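Position chain E against the provided structure of chain D, taking the given hints into account.
Listed below are the residues making up each chain.
Number of protein chains: 2
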Amino acid sequence: MAKKFATRKENYSQWYNDIVINADLAEYSAVRGCMVIKPYGYSIWEEMQRVLDKKFKDTGHSNAYFPLFIPKSFFNKEADHVEGFAKECAVVTHYRLKESEDGKDLVADENARLEEELIVRPTSETIIWDTYRNWVQSYRDLPILVNQWANVVRWEMRTRLFLRTAEFLWQEGHTAHATKEEALEETKTMLNVYTDFVENWMAIPVIQGTKSPNERFAGAVETYCIEALMQDARALQAGTSHFLGQNFAKAFDVKYLSKDNKREYVWATSWGVSTRLMGALIMAHSDDNGLVIPPKLAPIQVVIVPIYKNEEQFNRVSEVANRIKKEMQDQDIAVKYDNRDTQKPGFKFSEWEYKGVPVRLAIGPRDLDNQTVEVARRDTLEKEAYQLADITNKVKHLLESVQSNLYQKALDFRNENTHTADTWEEFKDVVNNKGGFVYAHWDGTAETEQAIKEETKATIRALPLDDKKEEGKCIYTGKPSERRVIFAKAY
Amino acid sequence: MAKKFATRKENYSQWYNDIVINADLAEYSAVRGCMVIKPYGYSIWEEMQRVLDKKFKDTGHSNAYFPLFIPKSFFNKEADHVEGFAKECAVVTHYRLKESEDGKDLVADENARLEEELIVRPTSETIIWDTYRNWVQSYRDLPILVNQWANVVRWEMRTRLFLRTAEFLWQEGHTAHATKEEALEETKTMLNVYTDFVENWMAIPVIQGTKSPNERFAGAVETYCIEALMQDARALQAGTSHFLGQNFAKAFDVKYLSKDNKREYVWATSWGVSTRLMGALIMAHSDDNGLVIPPKLAPIQVVIVPIYKNEEQFNRVSEVANRIKKEMQDQDIAVKYDNRDTQKPGFKFSEWEYKGVPVRLAIGPRDLDNQTVEVARRDTLEKEAYQLADITNKVKHLLESVQSNLYQKALDFRNENTHTADTWEEFKDVVNNKGGFVYAHWDGTAETEQAIKEETKATIRALPLDDKKEEGKCIYTGKPSERRVIFAKAY
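From first to last, the protein sequence lines stand for chains D and E.
The first sequence stops at residue 491 when you use my numbering, and every number in between is there.
The second sequence stops at residue 491 when you use my numbering, and every number in between is there.
So that you can see chain D by itself, here it is in the shape it has in the complex (with noise of 0.2 Å):
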């Protein structure tokens, strides 16, 4: 951790980058756009899994699996859904490599092209209804709660780990249902989910609100989201949740017979959220030191860094970090002992603070004699000497500030970073010099939100949910508004 890294304010693009790299959480590869997750990144990811999954089963989901090809025609099915996908696929055409005839080389083989080719799946609406047309008889059947973890691809040009990559992992909710309030009510109850994570776990706030036509998933009649705004007051959007309406039913034939006998089509929702969301994390919360990690989320919560100069205060020493690691263990804090012979603790303290570590101990001879531990914060970096005595329970209380420190302050930023814009030339204003959400009166359709986007590289985040109607007149055209909408530059 000697290296010198790019701080927020020299270049907040290579500040994000140095902290994936080397944090360990994630490289490129050697496939163009495909990234490697390392375990510690892997480990997180981890977390937020476990907490994600238990809330879709406390919710009623289960986990299923669906292929991870689709067959070129189904895309054909949902007009919207081809049009917003068919750019950026990998598209299978062969079964089979062989020599190539010099022997010096593997060439796809001519006698094993494919008849139809098949998709590497972006996202998998279209096979899971191919699907859940054999699923649904009767309205008995339904609803069908059912989440997918699985990996999907989309060709993206410009990648960046995490936040935009060819292959990424997620979680992709598929329901259906026999009445469109279900489907709906469903929708808002995985937005509410999202946005309970996102906010307790991740400790980021977001705000929750449906997407302008433009900016709505490929195939969906309403897209609801979670927006989270980053440290360079750009917006990220933390997942999505869509109303598909009866899209998918009539695209794939999809029928039950209701209670009174009537073949109807089936209501579908679909949900999800990436390792994108790892993007956020870091984002809303790393500092210049290094990765931040919410401690609900984070893989050690607490290290332990013994302080020594020899073998027999080595030994004092583990005595007491082992029986704290036994005590937090027993009350389910992660913890990690750092006993390390081939590093110095100074080494291990930037390197635990880099990796976003909560809470660090660092324990020595003078500490024993005095029965204290030095405590660190890794969100304010400050330290103070804790006594020994009662310290599992001290330093529960700790992480639980941490994480709640970590909110407010990320809350704070929301605020501070959250504008109002009139005019065009106020709007322009802001984008440009302050960033952040603008909430901005705006005409209602698709060709202004176009023409601010070419403009300003703003686009509409959201329309609040819990917005209050006010009149007024879109900053662009000055046709009249209803409501303001959020508009800002985005991840």
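Because the hints were derived from the structure by calculation, they are not lab data.
None of the values given here were measured: they were computed from a predicted structure.
Mixed in with the good hints there might be a few duds.
Chain copies aren't distinguished; within one or between two, either way the pair holds.
In silico BS3-like links for lysine-lysine, alpha-carbon gap of 25 Å or less [to be verified]:
{"id": "1", "residue 1": "Lys250", "residue 2": "Lys104"}
{"id": "2", "residue 1": "Lys453", "residue 2": "Lys428"}
{"id": "3", "residue 1": "Lys336", "residue 2": "Lys55"}
{"id": "4", "residue 1": "Lys344", "residue 2": "Lys9"}
{"id": "5", "residue 1": "Lys394", "residue 2": "Lys336"}
What follows is chain E alone, placed relative to chain D:
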């Protein structure tokens, strides 16, 4: 569950398929050879994952994630490896679809042809060792103990649900070590982890052994395996652990600086089990009444079915059922109270029986009067009236007894179906008329192995680890042999 399904005697293969489909475990999808794992089937896989993942972590491994795609040229770097996998892989050639000229179809866009084709991973040694090159500088960076949960694709021509599908789910461990001894020890450690899991969770006895050169993993120096016997007396390979020597380190130039300052190639292992284990689970224990799941892997261990004629009775029964349910949940028993009012008790009985739930409780008004519960165990189909008092503890013991009984039954079956053969005639007779494991002498050559396979379809399943030296003559060539190996027809 009113339908009549095939029995094992009538049609073993149909019996297997019926269970997979009708117990809601999996089904074929619209994509050739690819399956959909349904929620109930997936929940069993999740139990397997949970147990295995903990065992991997307890033995020091971390999870990570590597790309789905592998550059074609990587396969060419390890000669045996390409030979083993090139003939059955999905090849990605394009990264975009476009409308066909008549506008009616989608076609792969020739302007978006990849410079180098990508292979959908059939296994990840190549991409992982390409990554490890950058992770390893000195002996301090070793060992690397990493596992990945992932989907892989091998283009099988004849597929069977769970047993052989084009896409399947698995875990693949890939470790890197400074010494040969350490890598060999890791190989055996993981073989023991698999053995422990299959025997003590899946309740299937296995034989540990190494593979003959013909059956070895493409790229391995030595393949260790565990072999199980199914109810049709065919063998099934339940897991493999490969000692890869320095083959992949040499192919991808992965060297480390040793303690005495020498550049040395790194030693490797890889090991994996897959959704194929679902097939083993089904075939090892199920009977003509359907699936039988060992309690330690059952997503539902106990189902409670209420017997009632009116609402008053339903309420009385439900009160007790819910109390039992709560008690059992507190004891970590996975219990379901099936209070559906759309189905009769008889239907529920056969449904849960067919789905393999280990223990069923039935409670009616008369039971309440007698303070008893009717308890049925799935393995023996025996029913018994239990006193209500202390029911949770009794059921807990019953679950343990079902678990050990299933193992014992499978072990007895294997013992009854394990034979020795000393002559070619005897060998053919056993293989053709009895099946099972056949211990026989073999001259150690690939030619003989191949000839035996062609004449009898039996292959060498394993050179058992615990075998005794025994002088003898090869059943096929009469040449001298020092040990018996195990032959069987296999899945």
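Status of each hint after checking the structure:
no.: 1; hint: Lys250 / Lys104; result: between (50 Å within a copy, 19 Å between copies)
no.: 2; hint: Lys453 / Lys428; result: within (11 Å within a copy, 77 Å between copies)
no.: 3; hint: Lys336 / Lys55; result: between (27 Å within a copy, 19 Å between copies)
no.: 4; hint: Lys344 / Lys9; result: neither (30 Å within a copy, 69 Å between copies)
no.: 5; hint: Lys394 / Lys336; result: within (17 Å within a copy, 40 Å between copies)
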